[in-house]
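Protein chains: 2
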Amino acid sequence: MSEHTDRLSDAVVHRLPGYYRHLREMEREGIRQVSSTELGRRMGQTPSLVRQDLNSIGGFGRQGYGYDVTVLKNGIGNVLGLNHSHTMIILGAGSIGSAVARYPNFLAEGFTTLAMFDTDPAKVGNRVGDLTVQSMEQLGVFLTSRKADIAVLAVPAYAAKETAEQVVKLGVHAVWNFAPVDLDFEKDDVTVVNVHLSESLQVLSYLLEQKEKGAGS
Amino acid sequence: MSEHTDRLSDAVVHRLPGYYRHLREMEREGIRQVSSTELGRRMGQTPSLVRQDLNSIGGFGRQGYGYDVTVLKNGIGNVLGLNHSHTMIILGAGSIGSAVARYPNFLAEGFTTLAMFDTDPAKVGNRVGDLTVQSMEQLGVFLTSRKADIAVLAVPAYAAKETAEQVVKLGVHAVWNFAPVDLDFEKDDVTVVNVHLSESLQVLSYLLEQKEKGAGS
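First to last, the sequence lines map onto chains A and B. FYI, the numbering for the first sequence is 5 to 221, going by the numbering used here. FYI, the numbering for the second sequence is 5 to 221, going by the numbering used here.
Isolated chain A (complex conformation) (with noise of 0.2 Å):
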């Protein structure tokens, strides 16, 4: 299938995991098959868009049948590197780092966080969820004996930059940065996932004052 998925465009991909999510949610509603009209109604895309995404990652498809919904969950859910699973870290225990860490979802989907971590000696040894804070000056020593995939970065904006660098100089590769900057580390084969709080609140924003001008028009 690697053939395919190395071609995929970043639209795909982030349709990806909605596909993944109504296909769960089809299978514990006790749905076999699904056709991509109806594939189509949940995901609010066109039945053409849905075959088109799917034939991307390899068809699951057949003519007049549809798709069964196991199989083409199990699917995406390969591409996605969904069935193994991943270790994560949580840099920063303020408000983001503490919601990931106590967030139940992620565990459940395969993601485990194994520490976390504050510069803030106030923070160290207090107790979020089920971790004890450790001070960031661990990290070293923790990453020698521990293997991360994902540093989860929630550090205020102006340590961002300097936090991240550290992280992947310890050898991890995946950054999932909830601080407000942009980070660079296209030399370095690391992936960045950002999640900009502020800038989704501001496209909201944006799309309040769209509709209030219409409707004062």
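Treat identical chains as interchangeable: a pair holds within one or across any two.
Here are the simulated DSS-like cross-link-like pairs (lysine-lysine), alpha carbons at most 27 Å apart as the crow flies: (1) Lys-151 / Lys-165; (2) Lys-165 / Lys-127; (3) Lys-173 / Lys-151; (4) Lys-151 / Lys-215; (5) Lys-127 / Lys-173; (6) Lys-217 / Lys-173; (7) Lys-151 / Lys-127; (8) Lys-173 / Lys-215.
By construction, these hints were calculated from the structure, which means they are not laboratory data. All figures in this text were calculated on a predicted structure; none of them were measured in a lab.
Following the hints, complete the assembly by docking chain B onto the known chain A.
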């Protein structure tokens, strides 16, 4: 400017908060003018895309001079509706709702959280940041006396649809949705922006997977 902004594509709208953030940083650094080349470098975009984006919201640039940082920042802020403040209520006092309540950046950016609600009697009365968790049963009474622009939906998936419908019925017409469900309010003139954290993590997992395949081949 509204005749321009009516036609903004999704892609442009999603880039505007990034421009705004970079321009604010430049302003803090004391930079007064910026070229499309430098703005593109910071945004990770081509200069021609930058010019195209900024033309689409009404220009702001001058040939051979570039952009005035403060004028452009304020112009984009106006388009995003950041020139006035917004009020929010948080539905769900779990890990995500609490993180939103405690996140200092939102307040600094003009988004004020008025109140926080939960159905769980064990959580009602708890302090979260500056707020006291109120019973979800109080939501209707609360909204007769205070106007909330945005409802932050931070309840579990199974409660998301019903809670969203309830708050929309009570007159809140924008939902910032953290629940892993798709809300369908097309008919009701409700604005929804999703933050699907698990899906963002799954995109990261996909990218890691691709990198490992690439390294192995």
